[in-house]
Amino acid sequence: MLEVRGLHVSYYTLGGVIRAVRGVSFRVSPGKGLCIVGESGSGKTTLGLAIAGALPPNARASRGSVRIDGANILELGPEDLERVRGSLVSMVFQDPAASFNPLFTIGQTLGDIARHKLGLAERSEAREAALAALRRVGMPDPERVLDAYPHELSGGMLQRVAIAAAILPRPKVLVADEPTTMLDVTLQYQILKLLNRLKETLGLALVFITHNLGIAAEVCEDILVLYAGHMVELGPTDKVLEEPLHPYTQALIECIPRIDRGPGRLKPIPGSMPDPRRLPGGCVFHPRCPHVMDICRERDPRPVALDKRVVSCLLYNGEKGGAR
Amino acid sequence: MASASSQVLWLIRRSKLSLVGLFIVAGFVVTGILAPFIVPYPEDARGETYNIEERFQPPSWEHPFGTDEYGRDVFSRVLMGARYSLIIAVGVVGLALLIGIPVGLVAGYVGGRVGSMLMRVTDMFLAFPPLLLAIALAATLGRGLFNTIIALSISWWPWYARLLYVRVTSVKNMPFVDSARLLGLGRLAIMFRHVLPNSLTPVTVQAALDMGSAILEAAGLSFLGVGVDPSTPEWGLLVTEGWASISSAWWISLFPGLAILVTVLGFNLLADALRESLDPRIRRIALTRRILG
Amino acid sequence: MSKAYVAKRLAMLFMVVLGVLVITFVITRVIPARPELLWAGSHPTEEQIERARKELRLDEPIYVQLYYYLKDFFTGDWGVSWRTRQPVLQDIMESLPATLELVFAAFAIAVMVGIPLGVLAAVRYGRLADGVVRVFSVLGASAPVFWIALIAQLVFSSWLGVLPGAKRVDESVVIETGFREITGFMILDSILQLNAAVLLDALKHLVLPALVLSLYPLGLTARMTRALMIEALNEYHSISLQVWGLPRRLVVYKYALKNVIAPVIASLGLSFGYTIIGAFMVELVFVWPGIGLYAALALLSFDYPAVIGCVVVVALVYSLVNMVVDIVHASLDPRVKL
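Chains as they are written, first to last, in the working numbering: chain A, 1 to 324; chain B, 1 to 293; chain C, 1 to 338.
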């Protein structure tokens with residue numbers, strides 16, 4: 001069980017403090033998936049890195065907790081963190097080609113992971129574990145892949161290998177940061193299917209990060225919408241997609257091209273994501289919001305539980321149902 | 001390229017070492033220009049005197065760097081040496097640019113058979129280790145300030161030709177050059193008005209910072225007896241003059257060598273910091289530090 | 001690695017040698033107004049000048065001169081030194097081992113100290129150790145090597161007396177122990193003959209000049225390693241390997257380091273160039289009987305045939321080292337098809 005509570009993450013840079021994640025809370029049960037949706041700069045990758053115990057040294061989780069089966073990984077020292085990475089939580093990244101050191105074969109990389117994480121001292125045992133991981137991700141001809149260098153494999157294959165590397169030490173939580181963005185559409189679908197299957201068979205708690213709401217429905221039971229580091233809406237996938245409550249979520253859904261809607265123009269969201277160092281006062285979304293009210297410029301909305309989900313919008317503060 | 005100067009300012013504000021380098025280089029240039037007017041003993045600096053009773057005096061208030069075997073003030077000669085080092089540095093780098101820029105520009109922009117021929121010749125020169133070609137040339141041309149500058153710049157230009165060549169080949173495929181072509185500008189106009197100005201900055205910056213190496217190599221030539229004329233107070237020669245008596249009068253060699261070290265260090269500190277800031281890969285790191293801790 | 005690749009590199013080496021010879025030809029025969037004056041020694045008689053004219057075939061067309069220049073080079077006729085009165089090629093062959101011994105010692109120090117220093121600086125990026133390494137490596141690249149040699153000799157040999165300041169070995173030790181030359185490499189020969197006294201003495205003589213000579217390439221190697229290591233540690237793969245659970249120490253010293261080694265090796269050729277030229281001056285100061293001392297003395301006594309012989313041979317050794325460096329570099333990277 002992954003449980004994030006009131007998490008705040010900030011970067012300390014030469015240009016000042018950047019508060020990338022501001023008060024995010026959610027839970028993911030084993031075998032379930034949560035999708036984090038947001039534009040670039042919304043803090044979704046930072047959130048993923050925080051969960052994976054891999055924040056850069058100039059980032060600090062200033063408040064909140066990330067608990068995996070009860071243990072708060074934000075409180076761990078460097079050595080414990082090294083132990084936890086891979087074994088408890090792992091992560092795959094957007095660009096599979098950049099995720100592997102080009103001078104080592106897949107077998108060397110996976111073998112080292114098996115040796116250090118599963119304690120397999122024997123070379124043959126480590127190789128066997130690596131093979132098993134490759135088979136688990138449905139890799140055809142795993143023997144050949146083990147002896148290959150990264151540049152000899154295609155992007156889709158490498159992303160499968162990356163997933164194999166991540167699940168090899170049998171983590172409880174897997175963070176997938178836009179794992180399909182750089183792949184062809186047909187491959188995207190295969191990777192999504194694979195993640196879905198792994199989630200169910202291995203009992204993984206899957207955190208799927210994407211900017212594409214359309215993909216979310218494929219793998220995740222729940223959706224978390226992030227805007228400028230703020231949790232905007234969190235709820236079951238079908239609910240959020242069919243009946244979005246927050247104006248930002250509504251706008252995002254208007255942006256998804258759909259065949260069943262017939263001809264017509266997609267509606268882009270006016271304006272752009274604010275500079276994280278100069279966020280507007282009140283609700284961060286108010287400059288772009290079609291339903292903006294006077295109070296939105298002054299008050300920061302608190303998350304409220306509503307219709308099986310959580311939404312942070314002043315439209316719903318104090319009243320049920322609200323205007324749409 | 002408009003941001004180049006602001007980048008330099010940014011870097012100098014960030015790194016104290018580069019500020020030290022800037023001070024040294026500025027001090028060197030000022031000394032080099034003003035040397036004849038500020039040396040305490042101008043005749044000694046020019047090497048016209050022979051004070052037999054003042055030979056081999058250790059450093060004192062009167063002679064901060066001591067005196068040499070002719071009783072001349074080493075401090076004056078070292079200050080005057082800055083002038084010669086400055087002349088050599090500017091001369092070598094300037095002449096090397098004068099050869100290297102046309103070669104690199106033509107090879108990169110025209111390309112084809114002419115281009116590959118030019119680069120083949122350039123590579124032939126680069127097959128010599130640094131300074132070796134200059135030694136051969138200096139041995140052929142004979143000693144002298146001018147010959148030293150010629151010898152060094154001829155072994156030097158291929159670096160700039162190559163640097164500019166690489167830069168030009170990438171700039172000439174940039175969109176703004178294409179649009180100039182579509183507007184119907186002639187080849188020469190494109191070359192001089194668009195490609196050259198946009199390729200020149202890295203080469204000239206590199207060249208300015210190479211002046212330290214020019215000073216170092218000129219000193220090496222002097223030490224090997226194929227540099228400037230024996231009467232010239234060039235730093236490398238001053239070190240060499242003190243060699244014979246080094247065990248009794250170490251100051252004669254020590255101070256001019258120190259002058260070389262400090263000056264070249266100034267140029268190199270500046271170059272190092274600049275490289276750190278201009279190299280996009282290192283720069284990105286300096287700003288974000290993505291190393292996992 | 002395929003034979004075709006090595007053959008290609010050898011063919012390239014041959015072209016480089018030709019290029020070197022053509023350039024030296026231009027410098028020695030085309031640039032000077034009267035080349036025979038240069039080849040005739042320091043204070044030549046009319047008769048010597050006339051003989052030089054004949055030997056250089058200056059009355060014949062330039063391409064004939066070039067032909068004989070190349071032919072003489074490949075047949076080993078490199079002229080006679082005015083200073084030693086011996087064939088230049090013979091002189092050079094006799095002094096080459098001493099230089100290579102010194103240069104390789106300096107080079108080994110530069111690599112074995114420079115790479116760890118560069119890695120240390122990168123791992124402690126922006127901290128004190130990084131600053132110290134950076135300043136030290138810039139200092140190494142800024143000091144005139146002959147001056148460092150003079151000062152080191154003065155301090156450690158003349159004043160402190162802890163290390164010998166001249167020559168390769170103490171002659172008396174050589175005579176007493178009946179040491180013979182086999183390969184010309186003192187260290188190797190003394191090991192071959194199990195001669196501990198000469199070995200120890202030769203090592204003692206080697207320390208000071210080798211350390212002085214190593215400063216420049218050491219700084220260069222450290223700087224190069226630092227920059228590459230910082231880059232490698234910031235690649236996504238260094239991050240993803242750690243996220244997948246590999247210990248940081250393994251990611252730094254096994255994975256990232258391997259990315260650094262190949263390009264550092266590629267840069268060693270230039271380091272080697274600086275080292276061998278530095279040897280000219282260091283050998284002169286430490287009276288090290290190598291090709292550098294030979295060349296330096298030739299320069300100081302206007303012994304032109306000897307100077308040009310040295311220039312050619314040093315350029316050859318440099319090209320050869322660069323070829324080896326290229327082959328090693330290429331064989332380390334699986335992405336390069338050989």
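Worth double-checking, as some hints may not be accurate.
[To be verified] Which chain C residues stay away from chain A? Per the calculated CB distances, all over 10 angstroms, these:
hint, residue
1, Gly41
2, Ile49
3, Leu192
[Claimed, not checked] Chain B stretches covered by chain C per the calculated footprint, using a threshold of three residues with CB under 8 angstroms from any CB of chain C:
hint, stretch
4, 24–31
5, 78–89
6, 171–178
7, 213–221
8, 268–274
No lab work stands behind these hints, which were simulated from the structure alone. Every residue, glycine too, gets a C-beta built ideally from N, C-alpha and C.
Results for each hint:
1. Distance check for Gly41 (chain C) against chain A: the nearest CB is about 56 angstroms away, which clears 10 angstroms, and the non-interface claim stands.
2. With a cut of 10 angstroms on Cβ distances, Ile49 (chain C) stays outside the contact zone with chain A, its closest approach being about 61 angstroms.
3. For Leu192 (chain C), the condition that its CB be more than 10 angstroms from all CB atoms of chain A holds, with the nearest at approximately 38 angstroms.
4. Restraint check on the stretch 24–31 of chain B versus chain C: 0 residues with Cβ-Cβ distances below 8 angstroms, three needed, restraint violated.
5. Interface restraint, the stretch 78–89 of chain B with chain C: violated (0 residues with C-beta to C-beta distance below 8 angstroms; minimum three).
6. Restraint check on the stretch 171–178 of chain B versus chain C: 0 residues with Cβ-Cβ distances below 8 angstroms, three needed, restraint violated.
7. For the stretch 213–221 of chain B, the stated coverage by chain C holds: 3 residues have a C-beta nearer than 8 angstroms to a C-beta of that chain, and at least 3 were required.
8. Given as covered by chain C, the stretch 268–274 of chain B passes the check, having 3 residues with a CB less than 8 angstroms from a CB of that chain where 3 are the minimum.
Of the numbered hints listed earlier, those contradicted by the structure are 4, 5, 6.
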